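Protein chains in written order, with my numbering: chain Y, 35 to 133; chain R, 72 to 280; chain P, 2 to 668.
Don't read these hints as lab results, they were simulated from the structure. Just so you know, not all the hints are guaranteed correct.
Said to hold, decoys possible - Sample of chain R residues lacking proximity to chain P, with all beta carbon distances greater than 10 Å (derived):
(1) V113
(2) I130
(3) G147
(4) L163
(5) L171
(6) K211
(7) V218
As the list claims (entries may be wrong) - Interface residues of chain R toward chain Y, partial, derived using beta-carbon atoms under 10 Å:
(8) A80
(9) A93
(10) G100
(11) V101
(12) A106
(13) Q127
(14) V143
(15) Y145
(16) T164
(17) L176
(18) A178
(19) F216
(20) L222
(21) V231
Predicted model, so just to flag it, every value in this text is computed and none were measured. In this text, a Cβ means the ideal position worked out from N, Cα and C, and glycines have one as well.
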Amino acid sequence: MGIAWYLAVSALIFAIGIGGVLTKRNPIVILLCLELTLNAGNLALVAFARMWGNADGQIFALIVMVVAACEVTVGLGLIVALHRRGLKVDVDELEELRG
Amino acid sequence: MSILLFFLASIGAIVGAVGVVALRNPFYGVLSLVAHLICLAVLFLLLQAEFLAAAQVIIYAGAVMVLYVFVVAYIGGQDESLGTSHGVLRVLTPIFVGVLIVELLIALLGSGLSAVTSKGAKVSTLFGSANQIGDLMLTKFLLPFEVASLLLLVAAIGAVGLARRRVGYGPGDVPFDAATIAAAPPAGTGTMAEASGDRPVAGFRGEDR
Amino acid sequence: MSINTTAWLVLAFPLAGTILIALGRPVLSGRKAGVLGTLAIFLSFLSALVTCLKLEDRPEESRQFVVSLWDYAVTSDLNAKFSILIDPLAMVMILVVTGVSTLIHLYATGYMASDKGYVRFFAYLNFFVFSMLMLVLAANFIFLIIGWGLVGAASYLLISFWYRRKTATKAGIKAFVINVVGDVGLVLGAIIIINQTGTVDLLGSFAKAPQVFSHDGTTIVAGCLLLLVGAFAKSAQVPFHTWLPDAMEGPTPVSALIHAATMVTAGVYLIARMHPLFEIAPTAANTGAVIGCLTLVIAATIAIVVTDLKRVIAYSTMSQIGYMIMAVCVGGYAAGMFHLITHAFFKALLFMAAGSVISAMAGEQNLNRMGGFRKSMPITYACFIVGGLALSGIPPFSGYFSKDDILYVVGAQGGWHWALYAAGYAGALLTAIYTFRMIFRAFHGEPCEEAKSLESGRIFHAEEHRNPGDGTLETTEVGYPGAKHHIAERTAGMAISMFLLAVLATVGGVIQLPDVSWGLDRFLEPSFVGAKVLPTNHALEIFGLVFGALIGLSGIATAWFIWIKRPGTSARIEQRLPAAHRLFVNKWFFDEAINAVFVKPFAAIGRFGERTFDRVVIDSAITGGSLSLVRISSAAVRSLQNGMLRGYIAAVVVGTTLVTLYFLLQS
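Assemble the whole structure, with the sequences as input and the hints as a guide.
Here it is, written out as structure tokens:
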């Protein structure tokens, strides 16, 4: 299969992820959708790495995975802290920081 | 064979992604994401990224998703309430997403990246193996590797700090009172206004000594 | 250690003391700050002593040299290095400054013990000593001016030390403003000299001055007159003197250190240091001598009628500095420096003793309320007597020799200097009278309530604390004087430092006994190699020694007659000479004149400007305009930040989409 197919799949997944981030109100689901966008990026990176026959892109993808893991840890930590304080886990309710 | 596998895996990945967005129960959303990640791992394999595929399955689909499941279980996987306060976004999101897809496809496929349609460079069978990745990690990308590990450490400590139980934050505790932070500068700091008696310094306790 | 190292150490110890005390405030409990501060100055004194001894070992022609530490500002035309000038003149000054400062620090550890601002006080005091040493050791105009400014700042901080007292803060501001007028004069004078000689280096510009300036030419006279403005403001000479009496609002150790022994004599030092310039500009030097002479007479007449104990000593300080200025302006540099040294001893002693009396009076400074402390405060009384005899010029106390030296130098020049000579002796008579008026009124006569209380073994404490100046009610918290009072009889540190100063004030004259040792003259010679040779007159010298002693004794006798023998005499004199009395009591109306000529017009201009330009242009147009601009635009931006997370995400997505679109269209 040509590299272009992989890229098309990657674009689709990315768009789906963005759509989810925009429509969802539960922060956990928003995090899940962010994972989608990151994975779409990963797929594109790996595809390009294959295209050039250069493994640097795979390392990039690996680092992206690490960053994603960090983001998940902190994000979930925030959600747990929200829950502990008895706040509603809903991004539309958390609007105290407005101008 | 590989064509079949590609279509199976990519359809699986897209369906999994749609499932994450569409399913109301976050618990099912997480499971859907796991399926998506596994399909993605297959795509990685097809692209000869063997090590990455393994890492995807073990770390992502395994460890990270377990974390999600725990949190969902802790919070309670209640269904998302219907309706949104942002009606505009409801309408605009599909338009955004459509524009985004078209734009990305043009960008990735139709923008003079002539090499994209090729089958890719000729690579040895060692390409993407744990051997090669490990070699790169410890030579060319040693610094990013170390920085990434530091980042993980910071994130771990940060998460512990965030989720730790603190006095004054739990339900029933005395809530934090912003008024306890004095807005005025402390008295007795020796301004001219004090010296001339324009500003009272009642209750001030000398701390100069 | 080489002489360079020890000389730098003199500067380093007070600076280190300042920093340590200022930063170590949280850990310096009890009297640690005082001990640390005293120790820093004492080490500085030891370094000065070692430096001085090493300087004496060098051959006479190499006793004046410059040591640089690093470049401060070096450009093609300006070569300002951070360097110090070591020579006998500077040595005399640093020995006096560090020596007297050590004793005053020791005194202050006791005197200020119950003050809530104890640590801050010693940080300031160390800072002052550092600034003063920098002024004295500066080898170029830049650092001289920096040191000059820093001592002014330290003086301001210490005068306003009790910052809750309105009178003290006002006095501090007054001192600072008048000193800044002097600073401006000094800077302008320095600029004229630097501009003509092309170097900021002191020795370099002195060497060039005779070539670039014509003798008594307009430029050099103007430059020297501007330098004199600086010297007069710092040394409280007419008409820049009004800040010094008000500066007595500061704690007594400050009055002893800054406003008697060291800072106010900086003007004398400046003229002595700049003597090569003043010798090319005799007009300026003569002006200085006349002003000094005027000051000594005016201050002495005011001191006779002032009723505030510390202000009497303050006017006396003005008067004595008048003598010094007169001496250095007529070329008697060694004589001026000699009086500077002895004056530092006996005047610091008098201030310390006065502080002890004021403590016994629970902060009261009014002579009218004092009396009869002789029996209850023997140590203080003895110190007062020693200081008073030295100030009045009674042999064999130190002041006798130094004052006589000055008057001899002035008189030996003949001509119009005879007028200065006569005025000097008139001043000496007045000095003896006001000194013993003060002593008789404070220590003799009927014991006052406080003295009786002390005789029965209890220091008087007022039930409520009041500002002795304007009577406002005070607490004993930080910014006000402390709750407890300390007198020399009860506090070892105060007694020791007073005793040592009393010894010095008694025997200090030996460094320059006329015809016997001339020690200071010989020591200072390398600093004044090219100075003019003064005429000698042996007969006049002998006459002066005898006449000076007689004048002093007759002054004391007069005071004794007026205030002890016939207690009503002073009131009768007042009635006889109402005009003179009014003039003296109102301090020759200098404050009123300065107010009318400078302060009021400037205040009026300021108020007018505030009402018109400030309110209309600055407040409404510039400030108000930019304020409303910021307010409107921030209101617009604020509506974007609505707290909706998904709105933000949408913004990011739209943004990235547009960026991608831009690049797509570009390709």
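Consistency of the hints with the structure:
1. For V113/R, the non-interface assignment is confirmed: its Cβ lies about 29 Å from the closest Cβ of chain P, beyond the 10 Å cut-off.
2. Distance to chain P confirms I130/R as a non-interface residue, since its nearest Cβ pair spans about 26 Å, more than 10 Å.
3. Non-interface call for G147/R relative to chain P: holds, since the shortest CB-CB distance, roughly 21 Å, exceeds 10 Å.
4. The non-interface label for L163/R is inconsistent with chain P: the shortest C-beta to C-beta separation is roughly 7 Å, within 10 Å.
5. Against chain P, the non-interface label of L171/R is violated: not every CB pair exceeds 10 Å, the least being about 6 Å.
6. Every beta carbon of chain P lies more than 10 Å from that of K211/R, the smallest distance being close to 29 Å; the non-interface claim holds.
7. Every C-beta of chain P lies more than 10 Å from that of V218/R, the closest at about 25 Å, which supports listing it as non-interface.
8. The beta carbon of A80/R is positioned within 10 Å of a beta carbon in chain Y (closest approach about 9 Å), and the interface hint is therefore held.
9. With 10 Å as the threshold, the beta carbon of A93/R comes within range of chain Y, its nearest partner Cβ sitting at about 9 Å, so the hint holds.
10. Among the interface hints, the one on G100/R holds; its C-beta lies about 5 Å from the nearest C-beta in chain Y, closer than the 10 Å criterion.
11. Proximity of V101/R to chain Y holds as hinted, the smallest CB-CB distance being about 7 Å (cut-off 10 Å).
12. Because the closest C-beta pair between A106/R and chain Y is about 12 Å apart, greater than 10 Å, the hint is violated.
13. The criterion of a C-beta within 10 Å of any C-beta in chain Y is met by Q127/R, whose closest approach is roughly 7 Å, and the hint holds.
14. Residue-level restraint check for V143/R holds (minimum Cβ-Cβ distance to chain Y is 6 Å; threshold 10 Å).
15. The interface hint given for Y145/R holds, since its Cβ lies 7 Å from the closest Cβ of chain Y, which is under the 10 Å cut-off.
16. Restraint check, T164/R versus chain Y: the minimum CB separation of about 5 Å is within 10 Å; hint holds.
17. A least Cβ separation of about 6 Å between L176/R and chain Y falls short of the 10 Å threshold, and the interface hint therefore holds.
18. With 10 Å as the threshold, the beta carbon of A178/R comes within range of chain Y, its nearest partner Cβ sitting at about 8 Å, so the hint holds.
19. The criterion of a C-beta within 10 Å of any C-beta in chain Y is met by F216/R, whose closest approach is roughly 8 Å, and the hint holds.
20. A hinted interface residue such as L222/R counts as satisfied when its beta carbon comes closer than 10 Å to some beta carbon of chain Y; here the least separation is about 5 Å, so the hint holds.
21. Given hint, V231/R at the interface with chain Y, holds; its Cβ is 8 Å from that chain's nearest Cβ, closer than 10 Å.
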